[in-house]
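Below are the chains, spelled out letter by letter.
Number of protein chains: 2
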Amino acid sequence: MGVADEQVHQSGSGWSPVAVDDNLSLMSIGFLLASPDDAVIWRGPKKNGMIRQFLSEVDWGSLDYLLVDTPPGTSDEHLSAATYLSQAGVTGAIIITTPQEVALLDVRKEIDFCRKVNVRILGVIENMAIFICPCCQKMSEIFPATTGGARQMCKELDVPYLGNLPLDPKLARLCDEGRDILTEMPSSPVVQALNGIVKDLIDLCENSD
Amino acid sequence: MGVADEQVHQSGSGWSPVAVDDNLSLMSIGFLLASPDDAVIWRGPKKNGMIRQFLSEVDWGSLDYLLVDTPPGTSDEHLSAATYLSQAGVTGAIIITTPQEVALLDVRKEIDFCRKVNVRILGVIENMAIFICPCCQKMSEIFPATTGGARQMCKELDVPYLGNLPLDPKLARLCDEGRDILTEMPSSPVVQALNGIVKDLIDLCENSD
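Sequence lines, in order, name chains A and P.
Under numbering that gives the first Met the number 0, the residues of the first sequence are numbered 0 to 208, in order.
Under numbering that gives the first Met the number 0, the residues of the second sequence are numbered 0 to 208, in order.
For reference, chain A alone in the conformation it holds in the complex (with noise of 0.2 Å):
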């Protein structure tokens, strides 16, 4: 987000979040490290404390969204999560996975997961799915979709599909500088696909209100 290097501040009413743009916010435990190569080396009670701060003492404002991105698993990250914002109400898991097998194995963990703590889910989306070969232009399947992807599986256990990203080595060059995607490549594939992800998750998310 190119913000690797700002602070964050203590007030009256709470931590202030990074202002990453005019629209957007971030809070993160990068922020509150001396070194950005210093382990956070926490069991799972000090990690949900950290999570219960994050949601309860960080001065938001007014929000329209609030995204919590989480590690893959589905243990004390995502039990608090789930667990501290269900009086708040979650309208919903956006969850990410690559095609192949072994991926999806751990995707349907997840959807298990977000069934029985009764959260629904928004969409599932297909990562890395296939690269562009900066030689010839040629679409090849990076991780080959052995048993139907993830749109198969979102058919076999009734998820939203929302979509794929292709994998552009230039987005990852960008992201990597910390700059902005959508203003530098914005016919780009992977930017078309992913405005037209956003633009059916904010569908989704007006319609569940």
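In case anyone wonders, no lab produced these hints; they're calculated from the structure.
Be careful, since some hints might not be right.
Claimed, not checked - Residues from chain A that face chain P, not an exhaustive set, calculated with beta carbons under 8 Å: (1) D37; (2) L78; (3) Q99; (4) F130; (5) C132; (6) S139; (7) I141; (8) F142; (9) P143; (10) R172; (11) D175; (12) E176.
Claimed, not checked - Derived CB-CB ranges, DEER-like: (13) P/I28 - A/V67: 18 to 28 Å; (14) A/E56 - P/S34: 33 to 43 Å; (15) P/T69 - A/Q151: 23 to 33 Å; (16) A/E176 - P/S61: 46 to 56 Å; (17) A/D20 - P/S27: 41 to 51 Å; (18) P/T182 - A/I201: 45 to 55 Å; (19) A/Q6 - P/K169: 44 to 54 Å.
We put the beta carbon where it would ideally sit given N, CA and C, even for glycine.
Please build the complex by placing chain P on the supplied structure of chain A, with the hints as guidance.
Same frame as chain A, now just chain P:
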């Protein structure tokens, strides 16, 4: 590994691991689930208990190597594995990354973790380094190594760089199908790279005894 449907048996001497091959056995919580889609919704203490059971109650017999595959991060799983194995002695950690800066950020934390818990770092392997286009055979960087990739990071942090692995869609397919890549595609660049890395690792382990 092609053993997804196997079951773990309990005997007087503990759990019997699943035999993959004459010289390879495997233990996984996946074998203990009623369905492969079931989420394992456990907070830290329960995960720690299972890690301890896997280390103490599996009848491994005589082993040359015990590999513990952990999720990314520096939390319960990593602390428990390091703690429970500290008396037996851990030869070292093998760290896997991909080339882009956003992955290296997490890997730097993992290296800091190993140093703080006194686990030697055997080295870093860079996965998904290049993509071989099935159409034009041209090798492309998947994730541009904007900060020099794993090699540069290893130099900075003074840890061994073990090599990189290209991403071959055929390999991903064979893995998904549980087939043996060493016999089915022995001359592919990825298997040759893998063999070289494993040879170096065995040398490192033997010299550390």
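Do the hints match the structure? See the list:
For A/D37, the interface hint holds, since its Cβ comes within 8 Å of a Cβ in chain P; the closest pair sits about 6 Å apart. The interface hint given for A/L78 holds, since its Cβ lies 6 Å from the closest Cβ of chain P, which is under the 8 Å cut-off. For A/Q99, the interface hint holds, the least distance from its beta-carbon to any beta-carbon of chain P being 5 Å, beneath 8 Å. Because the beta carbon of A/F130 sits about 5 Å from the nearest beta carbon in chain P, less than 8 Å, this interface hint is met.
For A/C132, the interface hint holds, the least distance from its beta-carbon to any beta-carbon of chain P being 4 Å, beneath 8 Å. With its C-beta approaching chain P no nearer than about 5 Å, A/S139 sits inside the 8 Å limit, and its interface hint holds. Interface hint status for A/I141: upheld, as the beta-carbon distance to the closest one in chain P is roughly 6 Å, under 8 Å. For A/F142, the interface hint holds, since its Cβ comes within 8 Å of a Cβ in chain P; the closest pair sits about 5 Å apart.
Evaluation of the A/P143 hint against chain P yields a held restraint, the C-beta minimum of about 4 Å falling below 8 Å. Here the hint on A/R172 is kept, as its CB sits about 4 Å from the closest CB of chain P, short of 8 Å. The beta carbon of A/D175 comes within 4 Å of a beta carbon in chain P, closer than 8 Å, and the hint placing it at the interface holds. For the restraint placing A/E176 at the interface with chain P, the shortest Cβ-Cβ distance is roughly 6 Å, inside the 8 Å limit, so the hint holds.
For P/I28 and A/V67, the hinted distance range of 18 to 28 Å is satisfied, since their beta carbons lie about 26 Å from each other. A hinted range of 33 to 43 Å for the beta carbons of A/E56 and P/S34 is consistent with their spacing of about 39 Å. Distance hint for P/T69 and A/Q151: a CB-CB separation of about 30 Å, consistent with the stated range 23 to 33 Å. For the hinted restraint 46 to 56 Å between A/E176 and P/S61, the CB-CB distance of approximately 51 Å keeps it satisfied.
Taken as a hint, the range 41 to 51 Å holds for the pair A/D20 and P/S27, whose Cβ atoms sit roughly 43 Å apart. Between P/T182 and A/I201 the Cβ separation comes to about 50 Å, which falls inside the hinted range of 45 to 55 Å. Distance hint for A/Q6 and P/K169: a CB-CB separation of about 47 Å, consistent with the stated range 44 to 54 Å.
No hint from the list above goes unmet by this structure.
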